[in-house]
Amino acid sequence: MIRSPGAGKIIIAVVLLIVISVTPLAAAANNDNSLSVVIKDGKTGEPLNGAVMYLDGGFKGTTPAQEGAGALQLYDIKPGTHTLRITGTGYRDSIVKFEFPSENNVDVMMMKGSLFSLNNNGPSAGGINVIFIPSATTFSCSENKKMSDPTYITNQSRFKEDVVQVINRTYLNLDRITTSSVGLPDNYQNSFNFYYYYNPAEPADAFSGCAGTVPAAYWDEVTFGDITVILYPTYYGRYTNASCQPAGCYKSQGPGRRLMKAPSDKELLFVHETGHAVFGLVDTYCGNTYYYQNSPYPNVWTSPDSCMADAQADNRDPAGCRQIEQKSSDSCSRQFWRYDPDPDIMANANSGTFGTAATQRIRNILAQTTGGLP
Amino acid sequence: MTWKILVCLITCLAVLCLVTGVHAEPLPDYEKIVVIQLDYHDGAYTEVAQHVRYGQPLHLEILSGNQKGVILDKDLKVMKTFYFMEPGPATGDMIEPVGGAVVPLQGYRETSASPEMFITLPYLQNMQTFNIYDAQGTTLLFSIDLTPSSSAFCMDFPNDPDCICCNPTSGPSQTGATTALLYLAIFAVALAVLAILPIAINLRKTSPDILKKQTILIVDDDPGIVELFSELLERQGYRSITALGGGECLDILTQKKDLPDLILLDIMMQPMDGWETLEHIKSGADTKEIPVLMLTGKQLTAAEAKQYHICIEDYIMKPVDKNQLYAAIEHSLNRKQNIYRNIVLAKKAGIDQDTYCEYANLSKRVDVNKKLIGLLQKSYGMPEPGKHGTGDALDIIEQMIMNTRSHEDRLEHLQREIFSAFTAKGYPVPIW
Numbered sequence: 001m002i003r004s005p006g007a008g009k010i011i012i013a014v015v016l017l018i019v020i021s022v023t024p025l026a027a028a029a030n031n032d033n034s035l036s037v038v039i040k041d042g043k044t045g046e047p048l049n050g051a052v053m054y055l056d057g058g059f060k061g062t063t064p065a066q067e068g069a070g071a072l073q074l075y076d077i078k079p080g081t082h083t084l085r086i087t088g089t090g091y092r093d094s095i096v097k098f099e100f101p102s103e104n105n106v107d108v109m110m111m112k113g114s115l116f117s118l119n120n121n122g123p124s125a126g127g128i129n130v131i132f133i134p135s136a137t138t139f140s141c142s143e144n145k146k147m148s149d150p151t152y153i154t155n156q157s158r159f160k161e162d163v164v165q166v167i168n169r170t171y172l173n174l175d176r177i178t179t180s181s182v183g184l185p186d187n188y189q190n191s192f193n194f195y196y197y198y199n200p201a202e203p204a205d206a207f208s209g210c211a212g213t214v215p216a217a218y219w220d221e222v223t224f225g226d227i228t229v230i231l232y233p234t235y236y237g238r239y240t241n242a243s244c245q246p247a248g249c250y251k252s253q254g255p256g257r258r259l260m261k262a263p264s265d266k267e268l269l270f271v272h273e274t275g276h277a278v279f280g281l282v283d284t285y286c287g288n289t290y291y292y293q294n295s296p297y298p299n300v301w302t303s304p305d306s307c308m309a310d311a312q313a314d315n316r317d318p319a320g321c322r323q324i325e326q327k328s329s330d331s332c333s334r335q336f337w338r339y340d341p342d343p344d345i346m347a348n349a350n351s352g353t354f355g356t357a358a359t360q361r362i363r364n365i366l367a368q369t370t371g372g373l374p
Numbered sequence: 375m376t377w378k379i380l381v382c383l384i385t386c387l388a389v390l391c392l393v394t395g396v397h398a399e400p401l402p403d404y405e406k407i408v409v410i411q412l413d414y415h416d417g418a419y420t421e422v423a424q425h426v427r428y429g430q431p432l433h434l435e436i437l438s439g440n441q442k443g444v445i446l447d448k449d450l451k452v453m454k455t456f457y458f459m460e461p462g463p464a465t466g467d468m469i470e471p472v473g474g475a476v477v478p479l480q481g482y483r484e485t486s487a488s489p490e491m492f493i494t495l496p497y498l499q500n501m502q503t504f505n506i507y508d509a510q511g512t513t514l515l516f517s518i519d520l521t522p523s524s525s526a527f528c529m530d531f532p533n534d535p536d537c538i539c540c541n542p543t544s545g546p547s548q549t550g551a552t553t554a555l556l557y558l559a560i561f562a563v564a565l566a567v568l569a570i571l572p573i574a575i576n577l578r579k580t581s582p583d584i585l586k587k588q589t590i591l592i593v594d595d596d597p598g599i600v601e602l603f604s605e606l607l608e609r610q611g612y613r614s615i616t617a618l619g620g621g622e623c624l625d626i627l628t629q630k631k632d633l634p635d636l637i638l639l640d641i642m643m644q645p646m647d648g649w650e651t652l653e654h655i656k657s658g659a660d661t662k663e664i665p666v667l668m669l670t671g672k673q674l675t676a677a678e679a680k681q682y683h684i685c686i687e688d689y690i691m692k693p694v695d696k697n698q699l700y701a702a703i704e705h706s707l708n709r710k711q712n713i714y715r716n717i718v719l720a721k722k723a724g725i726d727q728d729t730y731c732e733y734a735n736l737s738k739r740v741d742v743n744k745k746l747i748g749l750l751q752k753s754y755g756m757p758e759p760g761k762h763g764t765g766d767a768l769d770i771i772e773q774m775i776m777n778t779r780s781h782e783d784r785l786e787h788l789q790r791e792i793f794s795a796f797t798a799k800g801y802p803v804p805i806w
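Residue numbers (the numbering used here), protein chains in the order written: chain A, 1 to 374; chain B, 375 to 806.
In short, the hints are calculated from the structure, not lab data. For glycine and all other residues, C-beta sits at the position ideal for the given N, C-alpha and C. Please note that a few of the clues may not be correct.
To be verified - Short, incomplete list of chain B residues facing chain A, as computed with Cβ under 7 Å:
(1) Ile407
(2) Met459
(3) Leu479
(4) Gln480
(5) Phe492
(6) Ile493
(7) Thr494
(8) Leu498
(9) Lys799
With the hints as constraints, model all of the structure from the sequences given.
Take a look at the structure:
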């Protein structure tokens, strides 16, 4: 028999490849302490490709994309209680406890997540995380009652469109509503990671309390929210008495649970609430609100002296410092001082801009997420 | 020249091992947060709960407020500082003026007497204490030991890298070492293979059948038929061994050196016929599980079917078409392999072995009985339903039909149970 000259090389290569592929399998095949994990989509029951598995906190692998997808075999499992953690893009993390060896087959059903990124290139590592969630309620001030509003929870596209529009006209338009002489960091638009959370079965309620409430499942999935925005389409009626619920509100339940609500059709009110929620700005109108000197770069001071001292330090005219007061039939004054001229967004949600003091604070916050000041 | 190739291959293999070890797995995500739940009443905090969980942290650096949070390590060294607002006040805004007066915004203040507070911190290795001070950092308002939540987390996730320090006997470093050892072992085995490669290649030259083929024992007292079937089977890729009679067949099986995977057994042989040979095969502890296909020119009698149907895998009439023969052999061998393969899955799916074996046996019985009933009906005709005493053969056929239907009912019940268990586990349903 005549063999081709390359036959020997081919044989050697084939044997080596076989050894490489078969040795781990052979080792595994002899292992009785094996665990079979099958990962499926909780709704369709289809095997889930690319799911990442951790056993007792240690990374164990990713479910393959080819035949047999969704299944992973683990070896050398010690008897006792173990914890599996499964993660998958677009799915909620799943944590499953099991007893081995009595449970040597574990099925994990992964549920689709409700969080969707709005950044074309995905979220950036240092970006401020802003998450929008739809409300199923609104309020009529003329009728003084909370009403259901299914606009967003029956139409995901409409909700997403309104979210994108609000983002474009507010967050990504900050350079036009801040004081240009102060300036914002270059590419400040990249300082934000925008998401929306959409689960029509569990919407937010914008009128449960001042700032509204979100479902408990939201906090399980969103651990990283710097601010959560409850959005609703519109607020009905005119303000008539104090029993009416506010159209916009901000409330902090601690770092990680900061909520604001606003209607999508009142952009400057949305900006005003964003001033509270994201940039830590304080109301500059006189009313039943919460005053304090925010630091650093305050827009409200506890004394005229501290206001003027900051103004001088920032090369601003100290004469701009004035007490928070309202000259009207209901005379109002507070023992706090402001600097930014009217129309000031933190005093007026119908018109205005962020003045010098507020813009300095906004600039400082953005600088911490964009790598520094220009 | 050969050694240059070998050296090159070893180098490639080493690189492959390293590359595989480095890139086979995506970067795992171990990011964690600490969530502290507090009650806030009259300016005083009390702990409600604390836990560590997987998740991305938020940006503490963009927060501001009238309270200062400080994360400390076990030596009370400051690890992180940030500011936040005390819980309670919510600032709301009305957008419409009152009665035409120029009031751009109306304030709405909501204050809870004892609000809940959730503080979400990034998990930092060695973090031990979290303190809350007033904004000036002079008055300690609250202090919490984070050890309980870290310990609870590491109980559930001992192999997490941040828990390894507390549990040196386990963890990813061990996993990494295991992986490294595995690839080292692969490399060592590859070297060993290279060492014996010339021998293997030499063996390959002299013995083309290194890989084990399935072996079929052909038993017939006609040497011409034995030779013909042997050639047909070899051509199909099987290995054949032959016996010119029942006695020789049993001798081969008694030696236990080369037990076949399947036996093709003729019936009309002298001095020991096929049925007697079959009885011996099925009475041997080592041989009773070997599938036997009766291959004969003799018509099957009802009495033989009644007596031996449980012992055989198939009954093939000569002359036989080679494709029919191949199909019958393949069907029997696959059934045997599937039973062995699926019994492992059945156990994992929660099906007890007796149930599974009953299902496998009934499945085989129904399959074989239907074949035998068909053969008998060709010889004896169809029994009339409900009309007993029409003759021994027809009674036997009718009895076999009734038994088979009964088996099928039971089989259907078992099939539902087993298929349901397999489907629930995502296993392919067993097919015989």
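Do the hints match the structure? See the list:
1. The interface hint given for Ile407 (chain B) holds, since its Cβ lies 5 Å from the closest Cβ of chain A, which is under the 7 Å cut-off.
2. Residue-level restraint check for Met459 (chain B) holds (minimum Cβ-Cβ distance to chain A is 5 Å; threshold 7 Å).
3. Against a cut-off of 7 Å between C-beta atoms, the interface hint on Leu479 (chain B) holds, since the closest Cβ of chain A lies about 5 Å away.
4. Restraint check, Gln480 (chain B) versus chain A: the minimum CB separation of about 6 Å is within 7 Å; hint holds.
5. Interface restraint check: Phe492 (chain B) against chain A, minimum CB-CB distance 5 Å, threshold 7 Å, status holds.
6. Checking Ile493 (chain B) against chain A: minimum C-beta separation of about 5 Å stays under 7 Å; hint holds.
7. Given the 7 Å rule on beta carbons, the hint for Thr494 (chain B) holds: about 3 Å separates it from the nearest Cβ of chain A.
8. At about 15 Å, the closest approach between the beta carbon of Leu498 (chain B) and any beta carbon in chain A exceeds 7 Å, and the interface hint on this residue is violated.
9. Here the hint on Lys799 (chain B) is kept, as its CB sits about 6 Å from the closest CB of chain A, short of 7 Å.
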